[in-house]
Each structure stands twice: as C-alpha cells, then as structure tokens.
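Residues per chain, in single letters:
Number of protein chains: 2
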Amino acid sequence: MARDERSVTPQSEDFAAWYNDVVFRAELVDRGPVRGSMVIRPYGYRIWELLQADIDTRIKATGHQNAYFPLLIPQSYMQREAEHVEGFAPELFTVTHAGGKELEEPLVIRPTSETIIGEMMAKWISSHRDLPLLLNQWANVLRWEMRPRMFLRTSEFLWQEGHTAHATAADAIAETMLALDLYQDVAVEIAAMATVPGEKTPGERFAGAERTFTIEPMMRDGRALQAGTTHFMGTNFAAAFGITYAGESGTDELCHTTSWGMSTRMVGGLIMTHGDDKGLVLPPALAPYQVVIVPIGRGEQGDMTTSAAVQLAVALQSAGIRTHVDDRPQLSPGFKFNDWEMRGVPIRLELGPRDLAAGTALMARRLSYGQPDPGKEAIPIEAAPGLLVAELTEFQSMLTRRAVDFRDDHTVTVDSWPEFVAAVAIGWALALQCGEPACEAEIKAETTATPRCIPLAGEPEQGPCIRCGKPSAYGKRLIFGRSY
Amino acid sequence: MARDERSVTPQSEDFAAWYNDVVFRAELVDRGPVRGSMVIRPYGYRIWELLQADIDTRIKATGHQNAYFPLLIPQSYMQREAEHVEGFAPELFTVTHAGGKELEEPLVIRPTSETIIGEMMAKWISSHRDLPLLLNQWANVLRWEMRPRMFLRTSEFLWQEGHTAHATAADAIAETMLALDLYQDVAVEIAAMATVPGEKTPGERFAGAERTFTIEPMMRDGRALQAGTTHFMGTNFAAAFGITYAGESGTDELCHTTSWGMSTRMVGGLIMTHGDDKGLVLPPALAPYQVVIVPIGRGEQGDMTTSAAVQLAVALQSAGIRTHVDDRPQLSPGFKFNDWEMRGVPIRLELGPRDLAAGTALMARRLSYGQPDPGKEAIPIEAAPGLLVAELTEFQSMLTRRAVDFRDDHTVTVDSWPEFVAAVAIGWALALQCGEPACEAEIKAETTATPRCIPLAGEPEQGPCIRCGKPSAYGKRLIFGRSY
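Going line by line, the protein sequences match chains A and B.
Quick note: the numbering used here has the first sequence finishing at residue 484, numbered continuously throughout.
Quick note: the numbering used here has the second sequence finishing at residue 1484, numbered continuously throughout.
There could be a bad hint or two in this list.
Said to hold, decoys possible - Coverage of chain B stretches by chain A, computed from C-beta distances (three or more under 8 angstroms per stretch; other residues unrestricted):
{"id": "1", "stretch": "1026 to 1036"}
{"id": "2", "stretch": "1062 to 1070"}
{"id": "3", "stretch": "1088 to 1100"}
{"id": "4", "stretch": "1120 to 1131"}
{"id": "5", "stretch": "1297 to 1310"}
Derived by calculation from the structure, the hints in this document are not laboratory data.
On a predicted model such as this, the values are computed, not experimentally measured, just so you know.
Cβ atoms here follow ideal geometry from the backbone N, Cα and C, with glycine treated the same way.
Chain A on its own, in the form it takes in the complex (with noise of 0.2 angstroms):
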C-alpha cells in the first residue's frame, strides 16, 4: 500500500473524515452487511475487552451482580411506561416470524431493558430483605439508526446495563451518584478523558427517568459526547411493572428504582479525545500493545535483533507490559513506524545491530505534550521494565492533562449572546439560561448547541437567561455545548 494511501485527513481539514480513517486504517471496524451495522476487529474489540474488564471489577466491588435477561422482549411490555414508549417506539426492531411461522404476539429486540427486568424484579422481591437488588448486565442492544457512525451511533452496540431497586428514593439516588461517580473514575483513570459529570435538563432526560446524569468530555473537534448516564427512575417502572416490597405496617410499598449504562461508545469517545494528524493515540491503560518493538536489520543482523526483540518482550511481559514484536519480514521499518504510530502505541522501540552491540534500544513516544519533543531516547535494555512502566504511567497521565487543558481552553464562561455564539462555535458555554423548552429550542436551531449539563461542581448562580433574558433556571451556569 502508498504511503498516501496510509496516511489521515488531518482533523482541521474535516475532523469526521479524520475519524473515519482512523477506524478504518487502523482496522478498529468494518462496516456491516445490514446499513447501520458495525464489526468490531480484534484490534477495536481488545480496546473494548480492557475496558469492560476494569469496568466489571468496579461493578462487582460495588456489591453488583451480573445476570443475562433475554433479547427479545414482547411488545406490550415496552407500552407499559408512557414516556419509554414514546421514546424508543421509533428505534425499535421486530420479529414477526420465528420457526417459520409467525408469532402471536411481535417481539421487540431490546434497545434497553428496563421493562424485561422489571418483569423479573417484581417476581424476585417480596420484602425489605430482598433490597437493595443489585444487578448488572453486559449485552448486546439494537436501536435503528438512520445516520450511523462507527462506535457512537450503530444500529447495534455493546454495553452493560446496570439495574437496581431499593426501598426508598434517597437509597435509588444514592445509588444513581454512586454508578455516576463510578462512570467518572473509568473515564478519568482509565480512558484518560476530561469529562465533567452534572445532570441533564429535563428535555434531554433518558424516556422514563426522573433525573438524568451524565458524563461528558469534550472531543478534539470542540463538541461534546454522552460518554456514560445514569438515571433515577423514582416509582415509574415499579408501578408500570408491580415491583412492590412489604413495608413495615405490611402494606406493599413501590420500589424506586435506577439504571446506568457505558457502552462501545466510548471507543470512539477514546479516538476522539486523543487522536492526532497521525492517527490513533491509545491512553496505556486501553492499549492492546502498550510497547510495540521493531528489531531492525537484514538477514544475520535481522536475525539477531529479532531474536534480541522477542527476549526482550519477554522481559517485559513479565513486568506486566503488553508488548508485541514486529517481526513482519516483507515491511520496511520506516512503514512499521508509522502503521504503529497510526494505530496509537503509546511506545515504540527500536532495535538495530548498533543499539544491540551498546545494549540499548531507541525509545519513542508516541506523543509529547507540555515538554519541548524529546525526540528518540537510548535505554538500557537491561532497565528496560522498569523504565517502561514508568514511561507508560507518565504517559497515561500527559494525556489526562492534555485532555484536561484541551477542555479548559475551550470552554468559556460568557455573559452574551455573541460571546456564546462563538463560543458553542469552537467548543463550551457555560451560561445561564432560563429552562424554557421553547428558549432551549431556539439556541440548538441556531446554534445546534444544546444543554450538556448542569455540572455537579458549579457555584451557585442566577442571572439573566443567555438567550431570552428571563430569570435563570438550575441555581448555577450550563455547559452548552455541539455533541455527537
């Protein structure tokens, strides 16, 4: 392959096009037979597979458990709330025929699965010894997508659906915080994002939910991205669906329930978070290979430094580095750099006979930030595991103040609305605004910004609405902001 073929739209160029070939090149997707549809490649799949793992630990440490509830739902179940009907009816796909016949009654393929769980929870609880329940499920779920992109809007996707009840409202938004902040700490500490954790506005709550919360970071292009919500239900699906418990004065009281869900979706949150003109940038932490080495030489020489290379692999798989050794022999070195710099490996080591003989290895970066470029570094192979894990603990953390600054420099607090014009234009508004639906109407027709959040960390407020004047809402400033 060219290397022109190789090679990304830049991100100031069109920042979706950039996208589409970092997916594509670095061979995280292809696309589906079925419009809408997404193959993860082992490549994308093993991002997913260390996310889920540190997701899951968080789960259980938190006293929930895993279950699988079926696919296919029938039908009447999803009419049983008013709004969660009214929310999912049009993503909805049907099964009519089974077995070569055609069903009684249509089944629906969950797009979420509040009402199947609800069905089973009002049959698990009887009395107070029975909550809090407790449960988490990772599945695949299906919602119709007229416009797909990779990762964040596919007709199918993977999550884990957290579902609970309890036998007060205080307990269910304890719980709900609690799933909130556990969204938080994976999107900080793992997935090394800037995002912001607050509630949604009533307009943008999840079809059923009293409170939404949500995170949200900030991608590279200035929008933002729903990277993980979570929502009190009060008593809507335990009337709709009968999950009662017996009080103390034996009457059968409703359970208030809640649900979380994190999904694929922040794959490409990951992408667009970190990602340069070169292609991938992989926090260590998600990175199939943290440390890619590429032994350099022809023949004997080739030899030798392959076999040099492999030890030394070795050496630091046992330092818990996942490691992988480029030992394609029909490719050039200069092509294996910049495939691996493309698919986002934190390091690459280099290995020449001349490196060899002086018992080094050239270390490079992935990426540099805050620091004049270090350009390429000798090591001593022998310190190798211990320097590395270090290099990847620094790394991991450069890139959560890149993200953190990337952010701070584009949100801007403004008072007007040219200011908020302009701001909404590059990246975030924080500003005060009125609540009115119709007025929130308004700023995303001519903005296509929209109330991200009210931030859990926002001072206390009140002033004119940014749009129409009218007295504030939210006691505190909005982030407004484009989204995906």
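Starting from the structure of chain A, add chain B where the hints point.
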C-alpha cells in the same frame, strides 16, 4: 418456606423433574416471558462467567483473537450454503420491521455466524500472509425451540464461536483437533466431566461441515450430552462466500475453514454430571462460592461468631478461595446447611461459640466418594487457608473420578441386539454398526439411541453390524446412547 417445598424430587423418581427443581430452587435461572427463553440469575451467571474466563484464556493462549460481528444477518446470506440453510431454516427468528418501516430484505437473528463471518473473511484475506486467520466471538445466538429446557435447549443461548481460515485442508483439520483438545481440557480439568472426544457420523454432522467432532459426557441418568463441537468445513463456506487467497502461482485458491462452539449448555451438563438428591454439586473450579461459613449462636455469641467468620473469610479470600459468610439473621443454621447443600457449595464451615473457643471450625464436605463418609471434621482456624486449598483440590479430583467411574460403570461393549437394547436403556453401548442411514434410523426408532461419536481412542475393530449384520463401517466401535 416449609422444608418440603425446598427439597428436590429424587433423581431415581423423575430425573427431568429433579433437574427442573434444582435449576429453579438453586436460583440459577428463571423463565423469561417469551416461550423458550431463559433468564440467567446471578448464581447461575457466575458459574458461566467462571467457565467463560477459563475458555477465553485458553482461546487466547492458542493465538486466537476475539472480535464481534453483527446479530442480524441478511436472509440471503443463509441461503448461500445449501446444507447450512436446510439445517437452520426451521430455527430462524426473522426481523421484518425496523424504525417503524418494513425492511426491504428480511433479516435473521444469527443462529450461528459462519455466513456473516465468511463474508468478512472474504474481505480481509488476500494473500497467504493473512493466513491462518484465527477469530473467536462471545455472543448470544437464537434458535427456535419447540421443547425448551433450561440451559440445554433454549431459544436464546450464550456461547463462544471460533471461526478460522487456513491455506490447506491439513492446517484446518489440525485446528479442528486443537479446538477439540481445548474443549476436552476445559471439560475434564474445570468441569470435572468424563467426556469422550470423538467424531460424529455423517448423519450427526453440523449443517455444511465435512467433518464434525464432539466431546460427549454421560449424565447421571445415563444419557449423553453434546458438550462442545468442532467442525472442519473443507472449502464449502469458502466457495459460498468467496474466501480466497493468492496462491504461490498467483491464482486464487479457496481457503479451508473451521468453526467450533461451546455454550451455556455446559452449565446444564455440569448439573446433570455431578448433582444428587440433595441438589447441585459444583466442582470447585466453577463454584461461585467454594466455601460458605455459617456462624452459629444468638445475641452476643452470634455477634462474636459472625465477626470471627468474617475474619476467617478474609483469610480464605487472601488464599484465593471464593468464600461467603451466611449471616442472614432470620434463618436457622439447619435451614442454611440445607440451602447451601442444595446450591452445591463444595465445603461448608460451621462456626459456633465452642468451636471458636477451641480455635477450630467444623468442616463438612458436600459429597464423599470412594471412601466412608467422613462426617464433620474439626479443623484449626489458623491452618484453614492451606487446608482448604488442599481440600478443594481433592474435591475437584474426587468429582472427576466419580464421573469417570459412573461413565465406565454404565458403558457396555455389546455384540448382540438384546445386549444393545439393555445397555442404551441405562447408559452407553460400544457397538459396531454398518454406517447405513436407514439402519441408524431403525436403531433410533426402536431405542431412541443414536451414535454419539466414533471415539478417537477406540481400537481398530471390524465385524457384523449390531442391528442388521452387514459388515461394520468406521473401522472401530461407536458409542451409542440416548441423548439430550
């Protein structure tokens, strides 16, 4: 709940009723709202997760990579391989509507993924350098079931499906055998089953395969269960989907492909291999809790033993033992003992005030085999972690020995029809058979027994067919048995 409601039907009285009692009362599963669907509850799902983790490690260690392919497959794909469509057509779920509109082409929910993965392999493979392509997917699949049975036959089940492509038939057959070995190791080492690896006769092959291999364990009612199968497809799917590579002479050559799957069915096999009239018996490698500690005593004494139980649990967990303390205040110790026996926990520790004063705990094994029942045994708390690690190892191998002995005791080498009929009524028959489909059908009609496999380890042998007297085929004896 009264005691009699909790006890299970004896196996000897009604094995199917025993099975149902166990899966529901041990809270492994619940019935879903759609016919044939299954909800896997946390206790059952944890068994699956432990099995899954073990299989996944082995799959990765043998060089396979995980990926994910779409759930929905264009109906036309299923029709490209003639035998494949004939085999699966009666079991398909069909999606006709999405996003509120009728689809141009109906989509089927994957019953298995050879077709969609074949389509992608064709796209990804161009030269011999792309071979072998070694993929695996963890996924849900759906097959319409007229007579559903929890874990064994449900409309939806969870599994892994390996799919690989190779340059030569020899490479593909080696892969088919490697996967069979992998399954055999999982079944024997982890599930403590006495599986027999062998080849399927033509009538029992996977739809579209040239050769199918299987591992077959014997259940405690003498029936066989197909616990994992591996398939050599020859070039059938490669021809149907255009999976080719540029050969040395530059011409396009067809690849040789394989597929292999192991599913949640294994959990059913586990239950029917080890369970008894008290309920489940779980091999330690797959037990959600390997040890349950029941603190005994009321009031202050109860507080003391509970706190000692929690301390002991921490010590056991540090030694890698999955431990649970049953501190439910409203239940009696006797109830708890029965409950955890029914739920199959390998080892129970009782901790009363006198035990505590003596620095010991009373250990009870779920099952003894091949030696007199040791009853309860006092063990020193200080030494418990080391002792219990050894006990669990012994418990695991005891279960394997018990399964092997049971299978061997119920397997008979037969050379006459009356012997055959008697053998398959309670177990397996090792018999010579002519290989004629009509004769096989007659055997099935009269005894419900089918050829389970041609055991890999069988000695060469020829003679008259057990049923019709014609010369035998296959060059060795087959295992015949009734099956799930």
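Verification of the hints:
1. Coverage of the stretch 1026 to 1036 of chain B by chain A holds. Counting CB-CB distances below 8 angstroms, 4 residues qualify, and the rule asks for three or more.
2. Remark: the stretch 1062 to 1070 of chain B is confirmed as covered by chain A, as 6 of its residues place a Cβ nearer than 8 angstroms to a Cβ of that chain, reaching the required three.
3. Against chain A, the stretch 1088 to 1100 of chain B contributes 12 residues with a C-beta closer than 8 angstroms to a partner C-beta. That satisfies the three-residue criterion, and the hint holds.
4. Beta-carbon proximity to chain A at under 8 angstroms applies to 4 residues in the stretch 1120 to 1131 of chain B; the threshold of 3 is reached and the given coverage holds.
5. Residues of the stretch 1297 to 1310 of chain B with a Cβ under 8 angstroms from some Cβ of chain A number 0, which does not satisfy the need for three, so the listed coverage is violated.
Comparing the model with each earlier hint shows a violation of hint 5 alone; every other hint is respected.
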